[in-house]
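With the hints as constraints, model all of the structure from the sequences given.
Residue numbers (the numbering used here), protein chains in the order written: chain A, 4 to 363; chain B, 4 to 363; chain C, 4 to 363; chain D, 4 to 363.
Everything labelled a hint here was simulated from the structure, so no lab data went into it. We treat Cβ as the ideally placed atom computed from N, Cα and C, and that holds for glycine. Mixed in with the good hints there might be a few duds.
If you anchor each label on the Cβ, the simulated ranges turn out as follows [unchecked claim]:
(1) T213/D / N67/C: 26 to 36 Å
(2) G250/B / G32/D: 44 to 54 Å
(3) P348/D / E319/C: 23 to 33 Å
(4) A178/B / T214/C: 54 to 64 Å
(5) P167/D / E162/B: 54 to 64 Å
(6) P167/D / T214/C: 33 to 43 Å
(7) N200/C / H346/B: 58 to 68 Å
(8) H31/D / G250/B: 44 to 54 Å
(9) K145/B / T214/C: 42 to 52 Å
(10) K251/A / G120/B: 25 to 35 Å
(11) E7/A / K145/C: 24 to 34 Å
(12) D69/C / E186/B: 31 to 41 Å
4 protein chains.
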Amino acid sequence: MKHEPVYYGEYLKLDQILNAQQLKSKQHGEEAHDETLFIIIHQTYELWFKQIIHEVDSIYKLLNTDKVKPTSLGTVNHRLNRVVEIQRILVDQLGIMETMTPLDFMDFRDYLVPASGFQSIQFRTVEVKLGLRQKYRLGIDKKYFNSRLSEKDKQFLIELEEKPTLLELLDSWLARMPFAKQEGYNFWEEYKIATTNMLDNDQKIIEANTTLGPQEREFELRNLQSTRLNFESLFNPEKHKELMDQGKVRLSMDSIRAAIFIRLFRDEPIFQIPNRMLDLLTDIDEQFTNWRDRHAIMVHRMLGTKIGTGGSSGHEYLKNSSDNNRVFTDLFNLATFLIPRSHVPKLPEQIRAELGFVFE
Amino acid sequence: MKHEPVYYGEYLKLDQILNAQQLKSKQHGEEAHDETLFIIIHQTYELWFKQIIHEVDSIYKLLNTDKVKPTSLGTVNHRLNRVVEIQRILVDQLGIMETMTPLDFMDFRDYLVPASGFQSIQFRTVEVKLGLRQKYRLGIDKKYFNSRLSEKDKQFLIELEEKPTLLELLDSWLARMPFAKQEGYNFWEEYKIATTNMLDNDQKIIEANTTLGPQEREFELRNLQSTRLNFESLFNPEKHKELMDQGKVRLSMDSIRAAIFIRLFRDEPIFQIPNRMLDLLTDIDEQFTNWRDRHAIMVHRMLGTKIGTGGSSGHEYLKNSSDNNRVFTDLFNLATFLIPRSHVPKLPEQIRAELGFVFE
Amino acid sequence: MKHEPVYYGEYLKLDQILNAQQLKSKQHGEEAHDETLFIIIHQTYELWFKQIIHEVDSIYKLLNTDKVKPTSLGTVNHRLNRVVEIQRILVDQLGIMETMTPLDFMDFRDYLVPASGFQSIQFRTVEVKLGLRQKYRLGIDKKYFNSRLSEKDKQFLIELEEKPTLLELLDSWLARMPFAKQEGYNFWEEYKIATTNMLDNDQKIIEANTTLGPQEREFELRNLQSTRLNFESLFNPEKHKELMDQGKVRLSMDSIRAAIFIRLFRDEPIFQIPNRMLDLLTDIDEQFTNWRDRHAIMVHRMLGTKIGTGGSSGHEYLKNSSDNNRVFTDLFNLATFLIPRSHVPKLPEQIRAELGFVFE
Amino acid sequence: MKHEPVYYGEYLKLDQILNAQQLKSKQHGEEAHDETLFIIIHQTYELWFKQIIHEVDSIYKLLNTDKVKPTSLGTVNHRLNRVVEIQRILVDQLGIMETMTPLDFMDFRDYLVPASGFQSIQFRTVEVKLGLRQKYRLGIDKKYFNSRLSEKDKQFLIELEEKPTLLELLDSWLARMPFAKQEGYNFWEEYKIATTNMLDNDQKIIEANTTLGPQEREFELRNLQSTRLNFESLFNPEKHKELMDQGKVRLSMDSIRAAIFIRLFRDEPIFQIPNRMLDLLTDIDEQFTNWRDRHAIMVHRMLGTKIGTGGSSGHEYLKNSSDNNRVFTDLFNLATFLIPRSHVPKLPEQIRAELGFVFE
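The structure is reproduced here in structure tokens:
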């Protein structure tokens with residue numbers, strides 16, 4: 004051995020970890036049995052948040068460059084996947100919290116006023132680093148962001164907003180993707196023709212279908228029209244800008260196109276890893292949404308229609324913020340722009356060759 | 004052996020089960036690899052729905068009487084718990100569905116029009132049997148209920164609405180609970196005094212607290228006022244009726260009181276089983292909500308902003324119905340009416356004696 | 004507010020918790036990215052172990068008496084169930100650990116020698132408190148118990164062995180159960196007759212069955228004989244003592260009988276809660292077994308056939324200890340002694356009356 | 004619409020699926036409530052087995068060639084991952100089965116004799132297709148394989164043994180991998196030197212360490228010696244053959260080397276996908292092991308020490324087969340042969356270039 008012998012409990016600083024549960028109920032009166040659970044589960048959440056930040060920071064470093072190394076991509080995916088595995092536990096862990104009944108919670112709840120989960124700086128940090136900037140938050144969410152935090156914590160978060168987010172790094176990386184447009188070839192012109200043909204054809208079928216009643220025909224045609232409008236934002240920069248201004252889209256038009264291109268040609272060797280990266284980022288957004296939804300219903304169970312210890316309006320608010328606080332919605336919406344494989348324009352051989360490498 | 008020897012595959016009718024996957028893609032053109040998954044996962048859902056109905060029906064029989072047998076309650080809980088275990092799987096199973104990408108789905112999606120998950124009669128049956136009557140559904144939900152089903156299926160569901168629901172059986176059973184009101188004693192009068200005292204005291208503290216700014220004081224007082232209003236519905240039959248008419252409450256005032264009484268005195272031997280029954284019914288509602296939430300986001304991932312194969316508006320609709328279609332919201336809201344154990348009026352000895360039995 | 008305002012991060016002592024990750028790799032050379040994960044996941048395990056000990060201690064207090072209060076049983080079950088929920092997470096959390104590859108582990112593994120999970124005093128504590136006394140451990144397990152621990156830790160565990168275990172408290176409580184034997188009535192005499200009749204009848208059927216070949220008949224008769232031997236230990240104290248001396252049984256004959264009685268008459272109001280207690284203790288044993296099995300395979304994946312950092316022989320050892328270190332095996336084995344409900348002797352009315360209470 | 008309208012229930016053949024639960028208890032006497040669960044859960048297992056076979060067959064087709072297309076690898080991984088997601092559910096689903104108590108099982112158990120899970124042809128098929136050939140099975144397992152099946156089923160499985168297994172296809176594919184050996188360069192010679200140096204150095208350190216007692220020194224040296232022996236099988240074809248003959252290794256020496264090479268250079272673009280393939284195959288093996296372990300303990304709970312309906316010896320047997328029936332043990336054992344990244348020989352530039360492609 005080349006170093007001092009290591010002892011399990013010292014290495015893990017268990018003295019520090021296992022003595023960090025100071026019950027307010029004990030301090031003010033009789034020990035409330037469940038306060039220990041309440042503290043410990045929050046501490047495990049914070050430990051996992053630290054781990055998620057550790058992973059996100061490392062991914063961030065690999066992507067925060069004008070030239071992402073191809074050897075980095077596997078690492079990025081590996082760590083994104085770890086984040087997803089951690090999130091699975093964060094969601095399932097709520098089941099432990101739910102073994103605390105409202106009556107048991109009331110044994111110590113009043114002692115905690117006005118502390119609130121809103122004050123978890125690490126959770127905020129994860130949100131911001133992924134891409135949930137102030138401007139995207141709901142009003143009430145912004146308000147808490149501003150009013151419930153210590154000066155130091157507020158300052159920390161304000162500085163965090165200075166840096167690019169993971170969403171923005173993804174945006175830059177995708178926008179740089181070559182392939183689709185090359186001299187003498189523009190995939191998107193062909194894609195526009197393919198989608199227009201497909202939709203025109205669908206329209207003819209609907210109009211010729213004599214088994215449809217007038218209401219049904221109108222319904223079908225309306226659907227078709229709405230699909231046409233969706234596709235417009237893919238080919239028309241102004242339409243895309245409009246959606247961006249409305250906050251409905253966050254990725255640039257070039258990035259969305261690149262992401263669609265990856266989705267369509269995911270089997271090409273060069274896209275297999277980027278395709279999985281898109282999957283994993285979608286997973287991360289989905290898992291946080293699961294967490295928010297389950298957290299909202301857990302709070303309902305615990306408090307009924309009461310407000311939270313920090314004065315938050317509880318269940319209703321949490322439910323609303325669940326859908327609003329998603330970061331990678333654009334990746335979910337990619338499905339809107341896909342067409343059946345049989346209708347996708349074939350790539351020129353020269354481009355396909357660039358997308359491959361050989362190990363048979 | 005007293006019977007013909009049984010063979011695994013025959014007992015399980017595997018010929019029937021494993022030959023029930025007829026791919027539309029194969030029928031109309033080229034086999035789409037993922038259509039098998041799509042069919043099989045839906046079939047497992049339907050098998051589990053059948054099992055849930057089997058359990059709910061058996062619970063229903065045990066509770067659908069003027070005198071529930073004490074020996075039945077353990078069975079009721081045991082089977083409610085089984086439903087919850089099944090629901091855990093129904094939720095987690097969505098993870099398998101999500102391994103189907105939008106592009107793969109498009110290989111066969113068009114062939115399925117206009118079929119839709121809305122047409123799952125068993126899922127509707129579970130909803131109705133638990134207590135989600137037509138009148139509680141969202142408009143669009145009602146519409147689909149009426150328009151997308153075969154005559155036979157529609158008729159089946161209409162007849163189902165004739166029978167009492169599990170929520171209603173629970174309502175009757177709770178309303179019959181004795182104990183709280185006996186000659187010369189009314190727990191609820193004491194509870195009203197206790198809660199009023201508690202709230203008055205809180206008010207004095209807020210008003211006397213010189214560290215609060217005027218805004219904060221006003222905020223605290225507003226909260227207090229809202230809590231007072233909540234409690235009113237517990238003591239004032241007209242206020243309760245009002246909430247019922249607005250659809251905000253579904254259980255009778257007597258039932259809600261009985262449920263609160265059980266929650267407060269859950270440790271008394273006679274209430275340990277009923278208390279767990281309330282927990283399990285809450286779990287069931289929560290799990291279906293989890294399922295709806297996760298289903299909504301899965302659909303978003305699969306379709307983006309497209310509409311569903313049955314013409315449903317997809318993600319947005321599903322998200323809204325998740326909160327609306329809950330059945331046992333009143334059980335979640337019980338937390339509203341609980342007060343710290345130290346403030347709960349003590350029960351007269353004579354009543355406590357009735358709540359106990361001895362096996363030390 | 005009646006106390007100093009509470010701030011989330013201070014309440015949870017996050018300074019202490021989030022600064023307890025000191026990387027050995029950083030100390031000795033280059034930071035290994037995955038060492039943070041390695042530390043954090045172990046810290047969450049230790050936090051959960053603390054919570055489990057908190058629950059087990061509180062259950063322990065409720066049961067460590069000559070007269071267990073009927074009002075305590077609901078609490079016991081509630082907290083046992085919480086332990087099970089925590090265990091589910093402990094098992095699933097291994098999935099996070101498995102995102103660390105062997106190659107990444109090797110970046111810091113050597114720095115940790117000779118620390119080892121064997122040195123987790125809290126894990127040992129849980130084992131011992133549940134009932135895994137020194138005498139039940141495998142040889143190698145005992146050896147590590149003695150040699151790898153600091154003097155202080157060793158002393159702590161030695162003292163722990165002085166106190167009764169949860170298994171032993173359960174044993175006393177079950178053994179005190181009345182009901183089965185009362186003046187003029189002994190259930191077990193009737194049960195012996197019922198089981199003997201059933202087995203005699205089975206034997207006649209086998210012997211009369213002309214469709215069985217000689218080998219099959221012999222096989223069936225051998226099975227029957229083995230079942231007879233099993234039942235013997237239930238009626239014959241010497242046979243039971245023999246099994247106890249061999250370490251195959253840990254509960255007394257009276258306790259096993261009481262547990263069977265509870266299982267057979269679980270629907271009687273007085274047994275519904277004790278029956279669930281038996282279920283939950285079985286669950287706890289099962290979950291620890293799941294954890295040990297999954298941990299063993301995870302270690303195989305991480306180390307291959309290498310030995311652990313503490314010099315333990317890894318996968319092979321862990322696999323063996325999984326089955327050996329179970330505590331409530333007797334509860335699993337109860338199934339051996341059950342007979343179909345239709346064959347169970349009816350209880351005299353007078354006894355049944357004692358088992359009930361009324362809330363219809 | 005270009006086809007007949009599709010109706011949910013017809014598409015899924017629900018008539019067929021939902022009428023395939025024929026209770027033996029009902030046929031022979033009184034309906035046993037839990038027999039429905041017993042049938043339905045087995046049917047969902049069989050549906051999922053069908054899906055797993057569907058995926059394995061498709062992967063099989065992509066790999067069963069002398070030249071695996073690079074565009075296939077993403078598909079292979081995607082589908083392996085789906086199998087893992089299904090397996091997670093197969094494991095967790097056992098929790099539903101466990102809501103059936105031994106007493107409830109006894110209400111219909113005797114009617115099922117001599118049917119047995121051993122007769123699940125699909126489960127056998129999955130095992131064989133992955134690589135669990137007859138020759139690798141335990142004696143008792145072989146016996147059941149031969150004696151409990153209908154002629155038709157037996158014949159089916161015998162024919163299955165004629166075809167290469169997934170393990171064998173993997174073996175061929177890995178063995179074909181170029182890169183490590185090229186004109187003028189042999190990575191394995193350098194690796195042998197690196198590992199030998201590392202081990203020699205370790206030995207010197209141990210021998211020079213004056214703080215070690217004689218027993219400890221001997222122990223450390225023995226460990227080192229055992230590591231040396233492990234490495235020998237990597238460099239010495241005869242040693243490898245010896246292990247193969249003992250059934251301890253199933254992959255060829257070339258394949259194991261290729262797998263190690265992938266593990267060591269997993270960040271190179273060309274290896275990112277193959278590296279994940281190795282992970283996923285390991286996951287699949289691990290999940291089946293989890294399933295077997297949890298199944299064994301579930302059976303213990305249900306039957307105690309009784310034998311199974313098919314006469315199998317139950318828990319003991321199942322526990323033993325869990326470790327024996329693993330298929331990809333060699334992938335777990337890869338960890339044995341890895342050395343810290345800092346000691347791994349650098350690859351010549353010319354080879355590294357072949358491993359990369361550019362999309363920065």
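Now the hints, each set against the structure:
no.: 1; hint: T213/D / N67/C: 26 to 36 Å; verdict: 50 Å, violated
no.: 2; hint: G250/B / G32/D: 44 to 54 Å; verdict: 47 Å, holds
no.: 3; hint: P348/D / E319/C: 23 to 33 Å; verdict: 31 Å, holds
no.: 4; hint: A178/B / T214/C: 54 to 64 Å; verdict: 59 Å, holds
no.: 5; hint: P167/D / E162/B: 54 to 64 Å; verdict: 57 Å, holds
no.: 6; hint: P167/D / T214/C: 33 to 43 Å; verdict: 41 Å, holds
no.: 7; hint: N200/C / H346/B: 58 to 68 Å; verdict: 59 Å, holds
no.: 8; hint: H31/D / G250/B: 44 to 54 Å; verdict: 49 Å, holds
no.: 9; hint: K145/B / T214/C: 42 to 52 Å; verdict: 60 Å, violated
no.: 10; hint: K251/A / G120/B: 25 to 35 Å; verdict: 27 Å, holds
no.: 11; hint: E7/A / K145/C: 24 to 34 Å; verdict: 27 Å, holds
no.: 12; hint: D69/C / E186/B: 31 to 41 Å; verdict: 37 Å, holds
This entry does not satisfy hints 1, 9, going by the numbered hints stated previously.
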